[in-house]
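Visitor: Starting from the known structure of chain P, fit chain D onto it as the hints suggest.
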Amino acid sequence: MTAPAARPMPSLPRGLHFSATGRYWLLIMPALAMMVVFYLYPISRVLWMSVTEPQPGIDNFALLATSASIQRMLMTTARISIITTLITLVLAYVVSYVLVHSSERVQRWMFLGVLVPLWISVLVRAFAWFVLLRREGLINNTLISTGLIDTPLSLIWNETGVMIGMVHYMLPFGILPIYANMRDIDQRCIAAARGLGATRGVAFRKVFLPLSTPGVVGAGILVFIFSLGFFVTPAILGGGKTLMIAEYIKVQILEIVRWGVGTMLAATLLIVIGGLLAVLSRIVDLRKLFGAG
Amino acid sequence: MTKHNAISALSRRNLLKAGAGLITAPAVLGSASAFAQARKEVVLVNYGGAAMKAFDEAYVQPFAAQGGRIVLDGSGPLNGKILTMVQSRNVTWDICDGGITTLAELGPRNALEKIDYSIVDKTKVPAEFAYENGVVNYMFSSVLAWDTAKVKETPTLADFFDLKKYPGRRMMRKDSQAMLELCLLADGVPLDKLYPLDTRRAFAKLATIKKEVLYWNSGAESQSLMRDGECVMGLLWHTRANILKGETNNRIAFTFKDGLLQPGLWVVPKGNPAGAEAFRAIASMQQPEGQVKLLAAMGNGPSNPAAQALVPAAQRAMNPADPANAAVQAKINAAWYIENHSKTFQAYLDFISS
Numbered sequence: 006m007t008a009p010a011a012r013p014m015p016s017l018p019r020g021l022h023f024s025a026t027g028r029y030w031l032l033i034m035p036a037l038a039m040m041v042v043f044y045l046y047p048i049s050r051v052l053w054m055s056v057t058e059p060q061p062g063i064d065n066f067a068l069l070a071t072s073a074s075i076q077r078m079l080m081t082t083a084r085i086s087i088i089t090t091l092i093t094l095v096l097a098y099v100v101s102y103v104l105v106h107s108s109e110r111v112q113r114w115m116f117l118g119v120l121v122p123l124w125i126s127v128l129v130r131a132f133a134w135f136v137l138l139r140r141e142g143l144i145n146n147t148l149i150s151t152g153l154i155d156t157p158l159s160l161i162w163n164e165t166g167v168m169i170g171m172v173h174y175m176l177p178f179g180i181l182p183i184y185a186n187m188r189d190i191d192q193r194c195i196a197a198a199r200g201l202g203a204t205r206g207v208a209f210r211k212v213f214l215p216l217s218t219p220g221v222v223g224a225g226i227l228v229f230i231f232s233l234g235f236f237v238t239p240a241i242l243g244g245g246k247t248l249m250i251a252e253y254i255k256v257q258i259l260e261i262v263r264w265g266v267g268t269m270l271a272a273t274l275l276i277v278i279g280g281l282l283a284v285l286s287r288i289v290d291l292r293k294l295f296g297a298g
Numbered sequence: 019m020t021k022h023n024a025i026s027a028l029s030r031r032n033l034l035k036a037g038a039g040l041i042t043a044p045a046v047l048g049s050a051s052a053f054a055q056a057r058k059e060v061v062l063v064n065y066g067g068a069a070m071k072a073f074d075e076a077y078v079q080p081f082a083a084q085g086g087r088i089v090l091d092g093s094g095p096l097n098g099k100i101l102t103m104v105q106s107r108n109v110t111w112d113i114c115d116g117g118i119t120t121l122a123e124l125g126p127r128n129a130l131e132k133i134d135y136s137i138v139d140k141t142k143v144p145a146e147f148a149y150e151n152g153v154v155n156y157m158f159s160s161v162l163a164w165d166t167a168k169v170k171e172t173p174t175l176a177d178f179f180d181l182k183k184y185p186g187r188r189m190m191r192k193d194s195q196a197m198l199e200l201c202l203l204a205d206g207v208p209l210d211k212l213y214p215l216d217t218r219r220a221f222a223k224l225a226t227i228k229k230e231v232l233y234w235n236s237g238a239e240s241q242s243l244m245r246d247g248e249c250v251m252g253l254l255w256h257t258r259a260n261i262l263k264g265e266t267n268n269r270i271a272f273t274f275k276d277g278l279l280q281p282g283l284w285v286v287p288k289g290n291p292a293g294a295e296a297f298r299a300i301a302s303m304q305q306p307e308g309q310v311k312l313l314a315a316m317g318n319g320p321s322n323p324a325a326q327a328l329v330p331a332a333q334r335a336m337n338p339a340d341p342a343n344a345a346v347q348a349k350i351n352a353a354w355y356i357e358n359h360s361k362t363f364q365a366y367l368d369f370i371s372s
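Protein chains in written order, with the working numbering: chain P, 6 to 298; chain D, 19 to 372.
These aren't lab readings, by the way, just hints derived from the structure by calculation.
Here a beta-carbon is modelled for each residue, glycine too, at the ideal position from N, C-alpha and C.
Heads up, none of these hints are tricks.
Take a look, some chain D residues computed to stay more than 10 Å from chain P by CB distance: (1) Q79; (2) L90; (3) K183; (4) T217; (5) A225.
Cβ pair distances, simulated, as ranges: (6) P/V121 with D/S236: 22 to 30 Å; (7) P/G280 with D/A225: 35 to 43 Å; (8) P/L148 with D/A332: 39 to 47 Å; (9) P/V42 with D/D134: 37 to 45 Å; (10) D/D368 with P/L91: 23 to 31 Å; (11) P/K255 with D/K228: 20 to 28 Å; (12) P/W53 with D/D134: 32 to 40 Å.
The following block holds chain P by itself, in its conformation from the complex (with noise of 0.2 Å):
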């Protein structure tokens, strides 16, 4: 039916006509079916447990204000995150910069080196810092053979080794959208601070520095969100003390069973993302950030 509604035909009846809005929705409509079968539905799905499972009510969102357990797992997350992104735009910002005004030999170069690591499995990774990192590691053996330190550093099975592993990770997704903004920047507004008697370091800091922030404010939020969410690697680089959200929630669907427990956390996950995204698109134009317009 769709095909020959799709083009016009005036021997069709006037209600088979579709005008051209109408034909647009027409043609998102599997999609959008495929979001509320596949997406919206098991979501819904999640929330309604939250305030269902084991008994109707708020009772496992009480259990935010109530749960020194809980209160203290998702500090954990928290402070975990917001470190891993500060760190991780801190270095992504350097790279950045670094790459925008390289050679485009160099830049093919460092792009491998962004992207390679990006395809290479977390579980692979964790490993090969735990290979690094321990205290009979490459790191520590170099350290102590060179004399620099004579008994081992704790670099692993700590929130060191977390965010070591998660900061590594996370590069990439800090990288690409600050390069992606500073590229962008006409590089003439700096050769014009520059003539009107800025130094480099005023004309980066007044003109380089606010025209990269979108960019920045884009890859904070994009490592922030996937920070809240990690599981390998505090799993494994946190020698089994580092319990963060995802762990938490895990234990709870699989193995203790508390359904309501981990559906209201993964539903407060939600809810502090989504509530993030709303009041930084009051500061930012958050389309601009992630590509579109």
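Guide: Leaving out everything else, chain D in the frame of chain P:
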């Protein structure tokens, strides 16, 4: 005309044949499916890996020789997955490789079939490990292992908690089950007086070494932490300790003394597709021969007491259910776990992550 008649007669005869075929086909198919229903296929789920080949030789082939069919699925029967199947009334598993915590979480939620002890033979298992919703399939132990390069004499469980005598990192499982028991044994609680667990006392004991403990999630992780020398001592499954002992040429040693003997359980999800055939498969797996094969392949201790006599002398030392080894270990108490698993596990996670 005659030719035309012949053709039409022929085609009519063919048509009749075809018609007859159509009528009889469902009857034939019906009887075939009725035959298949007599011996349904049993889907057995375990955690994969080396267990797939070992289970095939020990269990699948002997059952096939009796005319039954077991299909192995190595995707891991976690509690949450079993419950999802049962609650959505879309059960595709018949027998799951579970443990005491499966009983504790799924039994009260009415997600497990009662074991049909008219088919499964209770006399072929130790009485204390035959439960209403699950029956022992093999024995395993949580044991103390140590790195002989760093710990010269054989340590006791109390030494595990003695950082002065043996400095260095320790390793425990990220699960309260067995770990709290071993804390209490180290603190001087006798083997047969463990239950009900004094969890406060266990956590107090754990607190004395908390800073030096790493926690493993998967068996592979426990092996890697000991193999790479990250920990001087560790509490882990005897099966993994046994593999470590072999691959490190005895650098890693372990003892059953003051270990905790635990049953691996067969459980049957409620409304399983094969019905009672699942219990016939379980009964078949009670034969001692297969269980001894499993011990040789993976170190899983036979659950049938009659199998102990068939174990070759060389394998007795690694058999947790061997009478000599069982005598120096505590035995887990399912009733206590059914009451307390959820909150104890949660408390343990809170304790180690705080």
